[in-house]
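Protein chains in written order, with the numbering used here: chain Y, 1 to 350; chain H, 1 to 503; chain C, 1 to 312; chain R, 1 to 371.
Hints listed in this document are in silico derivations from the structure and should not be mistaken for laboratory results. Note that the structure is predicted; figures quoted are calculated from it, not measured. Just to be clear, a hint being listed does not mean it is correct.
[Said to hold, decoys possible] A few chain R positions that, by computed beta-carbon distances, are all more than 10 Å from chain Y: (1) F19; (2) N57; (3) F153; (4) S329.
[To be verified] Below, computed lysine to any residue pairings styled on SDA-like, alpha-carbon distance capped at 25 Å: (5) C:K63 - R:N235; (6) H:K346 - R:G224; (7) C:K179 - R:F49; (8) H:K117 - Y:Y27; (9) Y:K345 - H:S144; (10) H:K402 - R:H26; (11) Y:K237 - H:V55; (12) Y:K237 - H:S144; (13) H:K402 - R:N235; (14) C:K179 - R:D46.
Just so it is clear, CB atoms sit at the ideal spot from N, CA and C, and this is done for glycine as well.
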Amino acid sequence: MLLQKSAKERNPLMNRHSISDTNILLYITFAVFVVMYAAAIIFLGSGFLKPQTFFSILNENAALIILSCGMSIVMISGGIDISVGAVTALVCMSCAVNLDFNGGSVLTAILLALFVGLMFGLVQGFLVAYLEVQPFIVTLAGMFFAKGMTTIVNSTQFNVVHEGFQKLKSTRINIPGMGSYNKLGIVVPAYVEIGVIVAIITVVVLFMVLRWTKLGRNFYAVGGNSQSANMLGINVKRTKFLAHILCGLLAGIGGFVYFLHVGSGSPSHASGAEMNAIASSIIGGTMLTGGVGNIIGTFFGVLSLSTIKNIVSSLGLDEAWWTNITVAAMICLFLLIQSVVLSRKNKNKL
Amino acid sequence: MQDGAILEMRGISKYFPGVRALHDVDFTLHEGEIHALMGENGAGKSTLIKVLTGVYSKDAGQICIKGSSGSVSIRSPEDAQKIGISTVYQEITLCPNLTVAENMYIGRTKGSLTHWKKINTEAGKLLDSLGIPASPTMQLSSCSIAVQQMVAIARAVDMECKVLILDEPTSSLDDQEVSKLFRLMLDLKAKGVGIIFVTHFLDQVYEVCDRITVLRDGKLVGEYVIGDLPKVQLVSKMLGKELDDLSGIQKNADEIYVGRTEVPVFEAIQLKSSANIKPFDFAIYRGEVNGFTGLLGSGRSECVRAIFGADKTTGGTIRIDGKKARISKPLDAMKHGISYLPEDRKRDGIVGDLSVRENIILALQVMKGFFRPFSRAQAEAFADEYIKLLDIKTASSDTPIKSLSGGNQQKVILARWLLSNPVYLILDEPTRGIDIGTKVEIQKLVLKLAAEGKSITFISSEIDEMYRTCSRLIVMRDRRVVGELRGEDLTQNKIMATIAGGD
Amino acid sequence: KAAPEASKDATAASVEPAAELIKVGIINNDPNESGYRTANDKDMKATFTKESGYEASFAYSLKNDEQIAAAQKFIQDEVDYLLISAAGTSGWDSVLKDAQAAGIRVILFDRTIDADESLYEASIVSDMALEGKTAVDWLASQNLETYNVIHIQGVMGSSAQIGRTGALDEMVAANDKWKLVTQQTAEWNAETAQQIVQAVIDSGKEFNVIYAENDDMAKGAVAALDKANISHGVGKDVIVIGFDCNKWALEELLAGNWNYDGQCNPFQAAYIDTIIKDLEKGTAPAKKVVIMQEKGFDASTITQEDVDKYGI
Amino acid sequence: MASFKSASQESAAKRIGSFLAKLVKHQIFIPIAALLILVIFNLIADPSFFAISLDQNSLGNPVFSGYLITILDNASELVILAIGMTLVTAASGGQDISVGSAIAISGSVMLRVLCGTNSRPEVLQAPIIVAFLVCCVVAMLFGAFNGTLVAIFKIQPMVATLILFTAGRSVAAWINKNELPIISDASFGYYGNFIPGIPIPTPIFIAVACMILIALVLKFTNLGLYTQSVGINANSSRLNGIDPALIKFITFVILGLCVAVAGFIKVSRFSTINYSVIAKDIEMDAILAVALGGNALNGGKFNMGASILGAYVIQFLTTTLYKFNVVSSALPAYKAVVVIILVVLSAPIVRDKITETWKKLAPVKIAKEAS
Ligand SMILES: Nc1ncnc2c1ncn2[C@@H]1O[C@H](COP(=O)(O)OP(=O)(O)OP(=O)(O)O)[C@@H](O)[C@H]1O
Ligand SMILES: Nc1ncnc2c1ncn2[C@@H]1O[C@H](COP(=O)(O)OP(=O)(O)OP(=O)(O)O)[C@@H](O)[C@H]1O
Ligand SMILES: [Mg+2]
Ligand SMILES: [Mg+2]
């Protein structure tokens with residue numbers, strides 16, 4: 001009789017709503033971002049008070065947000081993709097050449113961008129998922145390949161003059177009520193670029209995909225333990241394949257958004273973007289070991305990272321070397337906070 | 001296909017490098033039967049199941065399923081699920097980063113969306129009906145291994161299936177859970193589901209099964225109707241020889257330990273650990289075998305982990321041979337001659353990619369010191385000795401431990417701790433997943449070690465086993481030590497009563 | 001606010017510089033990139049001080065996108081002038097438009113960008129193509145029988161690389177006597193340059209000119225020559241050409257180990273200063289594009305004075 | 001008779017087949033095969049690739065030269081880093097991406113100590129050995145910094161080292177206040193070039209010394225067992241008395257030491273430093289070396305020899321590409337193709353397929369020969 005106690009009585013812990021690792025990391029990121037931005041407003045003043053400062057961060061990072069989303073997805077599924085930066089450069093260069101030299105239109109450029117991204121996703125995904133080559137190496141090779149191909153397509157940098165594209169590029173979406181007076185006393189409206197809209201749509205869509213679709217959940221399962229996932233009846237290979245395809249596709253989209261922002265092709269575009277994407281994802285609470293992560297977190301990860309850089313450039317440091325050292329110190333601080341909170345949480349759990 | 005057969009496997013062979021895991025095995029499962037698959041550790045039971053469910057590709061043979069003509073090809077667990085085979089694997093195969101509910105439904109729901117509300121409420125219902133102490137929204141990794149096992153079972157039995165496979169599902173369950181599981185199995189059987197049941201508990205086989213297939217060394221020994229095969233014969237079929245007499249196991253006379261005055265080998269006073277157990281007192285004497293018993297999750301493991309320093313101790317004192325000692329990490333305990341065989345073999349025991357040899361010598365090597373590695377020959381000698389002693393089935397001592405069968409992995413870990421020649425040996429579920437023959441061997445070994453003057457703490461979910469080997473039982477409930485039984489109090493009834501908390 | 005008044009009331013500002021500091025946001029490449037950049041940064045720092053009436057903020061990056069982001073930040077911080085030495089030539093027009101809309105004036109230094117002239121007030125730059133041409137012309141004046149050139153390029157796409165490569169490429173295309181034994185980018189990296197030259201030496205190909213697009217790479221190339229006992233310098237087997245006029249490079253020239261070093265003048269700050277002072281007074285700069293005066297040094301004519309004066 | 005013969009041949013073929021199968025399964029097969037492919041390719045394309053000649057250098061000392069020497073020489077730093085990177089990878093299941101930056105720092109420290117306050121001293125301000133030791137300590141401190149983040153704070157290695165990756169080159173510049181130190185003392189150059197009278201480049205000796213050292217360490221300590229055990233299952237390792245945090249920490253410190261040695265060679269090659277480009281992108285190559293050695297990048301078992309060979313493969317490949325005068329900017333693309341071919345060939349799945357076909361083919365071939 002006494003052995004028939006209900007499950008709930010027997011385990012006092014089970015009613016406690018437990019925050020998953022994914023969520024706690026997201027909260028940390030969000031909290032630190034808000035605190036950081038608030039501190040910047042208080043201590044560094046003027047610039048950070050203007051809404052446009054925030055929108056500029058979005059404008060500058062729209063592409064990175066998209067790339068980071070793709071990165072988060074492969075990381076959640078237990079992989080990594082370090083080719084995204086180089087693919088972005090390749091996309092920019094291909095689109096630029098297509099528009100200016102090959103008589104392309106905006107539509108063909110978009111299709112080309114998607115195609116390039118998709119091809120990288122397909123090939124890399126195939127190698128990773130079906131031939132079981134380590135993702136780091138596959139995508140490292142992918143990065144080399146994209147770098148080389150960019151200069152094979154065109155070795156110099158140039159601004160695109162194509163008219164339709166220029167129109168698209170200079171389209172700005174003004175945000176009502178957020179403008180500010182400039183030096184001459186004229187109101188400058190606050191604005192975001194088209195890329196930001198694309199980025200936000202991407203974030204929302206991917207958030208939903210990861211949260212509610214089977215595919216999205218499969219990414220988590222495969223990243224958490226691919227062997228188990230296989231035995232739970234999930235097609236692990238296909239899931240990994242799709243993760244890379246998605247990441248490739250997002251690199252294509254991100255590449256085009258980058259292109260739209262800078263309006264030029266250059267072999268040095270987006271160099272090092274993969275590291276920023278990885279850092280943003282991780283700051284946003286995605287684990288390189290797979291199975292844990294959140295797109296909203298990634299979004300705030302990107303914002304945090306660039307806010308850090310913005311703060312550093314507003315600090316008025318007098319020697320050049322302080323810039324990078326300060327950025328690094330702030331990333332370090334950020335990661336430490338994350339780590340300490342996480343370990344506290346795990347301790348309480350026990 | 002035979003009449004009434006739901007699944008037929010013919011001439012199945014599977015080879016691993018250096019190992020013939022399955023050789024020309026036939027297996028038939030009928031509608032509405034519970035079919036036991038029996039055999040020693042490493043006989044090939046799990047391999048047969050993995051071949052059937054597409055985890056491994058077979059090297060030869062055919063599989064036929066009722067409802068599809070000709071032989072079917074099952075290339076992945078996904079295919080198997082689609083055909084209507086639902087499986088609980090021996091090693092828990094769930095995703096630790098997902099919630100309990102999600103683990104129960106992922107990979108088997110229709111449609112491409114996840115309805116969180118729906119799966120949470122349904123999982124809640126299912127968990128409640130099976131009495132599983134977990135909430136659907138908990139992250140799986142925060143559940144105990146037993147709960148995980150039950151979640152895996154819940155997932156499998158909830159599936160619409162023709163064939164249900166249970167590979168040692170009961171190894172970490174207590175009697176209550178087991179009987180619940182059996183009720184479930186009988187329900188499903190009534191509905192015409194064919195069930196393959198792998199276990200090392202003979203009683204359980206005779207309780208629920210209709211038919212038995214015995215494997216030995218990867219080969220089919222035969223298929224028997226349960227009534228035709230008495231236990232003794234079954235055992236000899238499995239082992240290929242007669243079983244040593246169980247009654248030969250006789251624990252030391254317990255009276256001598258009652259009220260003894262000598263200094264305990266190990267003594268803990270108000271010991272507390274970060275794992276949230278109530279402070280407890282504990283002592284063990286030279287040559288004694290004692291045990292912790294209690295319900296699932298009552299904190300037995302946590303107690304011994306605290307003793308070994310596996311969890312951080314947060315209070316209390318420890319005396320070893322009467323002298324005060326500090327154990328803050330496992331190495332301290334090891335240096336004091338304490339060894340601990342953890343209950344979760346996959347997570348805490350094996351070092352998967354390392355060879356059997358390296359796994360065996362690991363603990364001794366660590367104690368010997370960083371700068372004094374064993375020579376290859378020496379390590380080889382140790383490994384061979386224990387492979388022989390415990391009859392570990394492995395292609396060679398170079399084989400990575402993860403490719404051994406579950407039971408043999410357990411033996412390797414046991415070998416590791418025996419090799420380190422401890423004064424005080426803690427065994428948390430050492431017989432989990434071990435075949436009947438070896439189980440007896442291990443119990444004997446425990447008593448032999450005790451007779452040699454070693455102290456042993458023995459934890460097992462099988463009261464029987466505890467009863468047979470321990471001279472003193474510490475009973476736990478709700479993470480608290482609630483009693484101690486010894487001498488004539490040590491009866492099945494008394495134990496059950498104390499566990500339940502009745503007076 | 002105060003800022004618009006200050007610019008309207010420009011005369012007051014110039015008379016009393018201490019009263020109203022001019023806010024400048026300076027975007028530069030990271031000074032640890034090369035000796036040239038270090039000199040350039042020092043020069044900027046020395047010029048735009050509080051004493052001379054400036055409140056300067058600096059942002060450093062070797063990446064174009066980070067520089068653009070920094071520029072956006074300076075715009076929001078309402079600097080009066082934005083001074084830019086761009087890492088890449090392209091992709092700047094949108095941020096420059098924003099600057100214009102915010103009433104911020106832009107002056108380019110050191111590096112040109114690919115943008116409409118109306119977007120900036122002035123640009124004070126080196127003519128990299130001219131540097132290249134001067135060097136190539138000097139080389140042509142050596143009247144060698146054949147020119148088998150090892151060409152070591154800088155980071156592809158940088159204006160220095162484009163300019164200095166262009167001149168050589170043209171010559172090679174136009175002239176049968178000129179051949180490129182190899183043309184590789186060493187990305188301003190001495191080690192890579194050494195590897196490139198080493199590979200050519202190991203292959204046994206003939207060459208008599210090393211045209212390295214900066215001093216560091218020339219140094220790497222020379223190290224490879226030394227290892228293989230190939231003589232170089234004035235009157236020797238191989239002619240060595242470098243750029244930037246690092247002091248140590250000019251010393252090599254003086255010692256006759258190298259043959260030619262093209263100057264790339266890092267000292268633009270004084271020019272910028274005058275232009276800003278002019279703009280504050282309300283007068284437009286005399287010339288929109290200022291090309292830095294630059295020389296090329298020949299090892300046979302260089303003097304210690306040159307080394308001291310032009311070495312950076 | 002004939003049938004007997006064919007039978008014995010068949011078994012011989014089987015034996016060869018199974019030997020090959022075993023070889024093909026072995027981890028070290030990958031870099032060896034890669035080297036072989038490169039060697040054969042070069043042999044066919046231009047046998048003079050392998051010529052080595054004894055010449056005099058500009059100081060009049062005898063030196064060996066030729067592509068092979070160049071490869072061995074230039075691979076030295078990479079080999080040394082690959083050693084440390086392998087250990088870090090094995091224990092922590094992640095990679096240190098800060099080694100390039102850390103080389104900049106250690107090189108900068110070294111020059112700073114040698115130069116004192118004057119950036120262009122006539123004479124060395126400190127003995128080279130002192131400078132080297134200081135540089136070792138500093139590099140190991142930075143290694144310890146990374147190690148602490150990874151081991152104590154449980155930050156994933158790639159991100160933890162991102163911090164130093166970001167700051168490193170600036171720290172290097174700061175150490176010398178952006179001055180450009182140049183050492184004019186010729187003896188400093190010996191370590192990156194030649195010691196007078198010895199015709200083999202010194203970096204080769206240093207690399208060999210490091211290899212011997214690590215071989216001894218692996219043989220006479222349990223470093224290998226501990227790192228692998230920690231990398232495979234930290235929980236089990238802890239319960240066996242190993243301190244996973246300490247082991248991870250130690251591997252990072254060892255990598256720090258490797259960085260110091262590599263940094264020493266690098267600055268010695270030119271007797272100066274360029275903070276922003278010294279050892280540029282070497283972290284990627286070092287990781288690639290570990291991977292080409294067939295080691296799992298998520299930790300666990302490793303084969304040090306294979307990693308070292310992997311490093312030589314990379315340099316071999318680079319030098320080959322330079323030799324064939326591949327258009328400079330397109331070079332990475334070719335490198336990528338070769339790397340992909342190598343890793344695909346070494347993928348277990350592909351290798352299984354290859355052995356299978358080989359096994360199938362071998363009897364057929366023998367049968368053909370017999371008839
Ligand atoms: N992945 C693998 N690689 C190599 N050998 C394997 C692998 N899996 C199993 N084996 C070998 O196949 C044999 C059969 O193993 P299996 O797991 O089927 O045994 P079992 O009957 O389930 O034993 P247990 O009761 O211990 O679980 C064992 O000798 C084992 O070493
Ligand atoms: N972090 C946690 N969150 C929720 N429950 C926990 C947590 N840690 C432990 N538990 C619960 O505490 C109980 C104690 O586990 P423990 O392993 O000590 O049980 P046990 O008595 O050894 O039983 P058995 O070994 O048979 O599972 C487990 O049932 C587990 O569910
Ligand atoms: Mg089994
Ligand atoms: Mg337990």
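Original post:
Looking back at the hints listed earlier, which ones does the structure fail to meet?
Top reply: 3, 4, 5, 12
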